[in-house]
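**Q** Given chain A, work out where chain B should sit, using these hints.
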Amino acid sequence: MRRWVWRLCLIPGVVWLIALFVVPVGFVVAVSFGTVNIVGAPVYGWHPSNYAPIFQSTYTTVLLRSLAFALATTIICILLGYPVAYFIVRFGGRYRGLLLGLVILPWFVDYLVRIYAWVSLLGDQGFLNGLLHTLGVPGSPPLRLINTPYAVIGGLTYDYLPFMILPLFAVLGQIGDAVIEAGKDLYGTPTQTFFRVTLPMSLPGLMAGCALVFLPSAGDFATAQLLGGPSSYMLGNLIDGVFEGGGFWPFGAALTTLVLAVLFVPMLLYVRYALRGGAVISG
Amino acid sequence: MSDELWTRRMNRRAFLGVAGAATLGIGLAACGAKSSPISGASTVASIKPQVDGDLNYFNWSEYMNPTIIKGFEKEYGVKVHQTYFDNMSGMMAKIRSGVPYDVTFPEAVEAYQLREGGYLLAYDHSELSSWKQVIPFFHNPWYDPQSLHTVPYVLWTTGIAWNSQKVTNMTGSWNDLWNHPEAKGYIELLNDMHETLGMALLRLGYDFNSVDPGQLSEAVSALLELKPSLRGFTSDDQITMASGQVWIQHAWSGDVWLAVSRMKPSEAKYWKYETCKEGVPVGNDTIVILKNAPHPGTALLFVDWVLAHAAENVAYTGYSMPTTEGIAAFGKVVSEYPTLNVTPEMLTHGVPFKYLGQAGLQLWTQEWTKVMA
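Protein sequence lines, in the order shown, are assigned to chains A and B.
For the first sequence, the working numbering begins at 1 and goes up steadily by one.
For the second sequence, the working numbering begins at 1001 and goes up steadily by one.
Bound-form chain A, shown alone (with noise of 0.2 angstroms):
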């Protein structure tokens, strides 16, 4: 009987997921196999060659050069987000909230307007050119910062940021002083104990905070637009290019396809590894 109710519950969320989810992703795979009318709505029908030219090298460069900035993003996250999470764990003391407060505070200002503000401050003519040039930094032209690839990437880091310190934070909170105690009494220098019950136990908040970082960055395209030259525009550019540019929109279906058929493999290793027990925190 109360297993009955608990299934229950599951109903708004499974709703959700296909009314929100499923259903327009089915209606941007039948778009992808359809033509358009004489105002440019899709129409239904199966014209398979719209995928014939997603299959050239000039698509694989710019899917690589997706992968690839969001890899080096999630590495960046990383290594700039686990250092926050523990230290705001382990010493933040009674100021934990406020710090992490600190990290969530940028999110309250719109995505694109954060990135319009990175344009100001790597602009030729921006914040940081001009610091340098007061500095006595020689050069003219100033320094190349915006439109260049780290710049791109520079911008993708501070947008995904929270996302890996928030799961990070979540599992560095629930390991006790005690385990940690434990390490040490064992004769375990402050690396070995990282190492070898830290880094472990926190395994299942820094692969969920891959995910959260690597998925939607491979997927994004404002950062590019802005942040990024002719030759850093990412899936994400090309597939808004046919959409909001008025292009033949099966086409800009069938590359939105081809993303979520490659970006379904990492999701799957992550599915994979959080059923198999990795991402239940285990107190």
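Just so you know, the hints here were simulated from the structure itself, not pulled from any lab data.
Even glycine gets a Cβ: it sits at the ideal position worked out from N, Cα and C.
Be aware that one or more of the hints could be misleading.
[Unchecked claim] Which bits of chain A does chain B cover? Going by a derived footprint, with three or more residues having C-beta under 8 angstroms, they are:
hint, region
1, 9-16
2, 53-67
3, 225-233
[Said to hold, decoys possible] Beta-carbon label-pair distances, calculated as ranges:
hint, chain 1, residue 1, chain 2, residue 2, range
4, A, V23, B, Q1358, 51 to 57 angstroms
5, B, Q1050, A, F264, 55 to 61 angstroms
6, B, Q1082, A, F127, 53 to 59 angstroms
[As the list claims (entries may be wrong)] EDC-like mimics (lysine to aspartate or glutamate), calculated; alpha carbons at most 20 angstroms apart, straight line:
hint, chain 1, residue 1, chain 2, residue 2
7, B, K1184, A, D185
8, B, K1354, B, E1195
9, B, K1272, B, E1182
10, B, K1264, A, D124
11, B, K1354, B, E1336
12, B, K1079, B, D1054
13, B, K1291, B, D1124
14, B, K1166, B, E1062
15, B, K1166, A, D185
**A** Frame of chain A; chain B shown alone:
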């Protein structure tokens, strides 16, 4: 200079992506199966210009002098409910899904598509007291024979703007984008499929609206050859010029004017604009009344009002309007930058943006995506 970013008025084509993407999602889901009536000759509706309710207005933001709208509200005692779109795709998606707007502002190509699709109200233009002010070119434009469904709104040319302090030897040719190695890394093209692929076609001596696969692939190769010299593709040419990040900009005439009119005079004096001998793209927007407009009478009054106030509009938008008053007023606005003017002769000699057809659009989209990749 960073202040510029926040205080400037948004360029109408400025990148606002995310919100627009959401709209398109709705369009994607809502419009798929809808088969729209394809009507050849529409019957002319007998609409009288009289108030039949408030007006639902759907336009780019910052694309009409607010004094015109306020004046209309005051004159007729109605309210103008304003909604904005970020791009033509978003506009088309909303119209297709049947949102009951009264007036909207498609570009010529979209006006053609909407008319062919049977979304526009045909009405007797002699009901418009200002119709006689519209220059003859628009009495029978390619996108709307007999001009039964549209009135023209703004005009622009596409050309090249450059900072003459940094770059010299401009020759009035699209080759100027390719032939300035000293500006490497300081050249931007428009992030616009039709403008940029079309420009590359013109430079090669082909038709601006060509759907020949061989010609398009040549155009793509030429653009890819130029790509290492580019700083980027932008839909916000006004701000790239103002930011000093660009020396040579593939640009819309109206945005060049908005950019220079906001620069310090000491900077603005170095900016020049040329149109190119291989072909000058001349674009225009239109004002249309939708077939399902809830208030066609008020809409008719509004269209008339906007045409009558062209002079008031041109300085605000930076874009000319093809009425006798609009053209005269715009000539004065850009008197210091005569190349930014759009004259009736340019309409006759310029190249129009045509609808590419479904197969053409598919081909262009694939080719353009290669340039962007």
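**Q** Check the structure against each numbered hint from earlier and tell me which ones fail, lowest number first.
**A** When the structure is compared with the hints, numbers 1, 4, 6, 7, 11, 14, 15 turn out to be violated.
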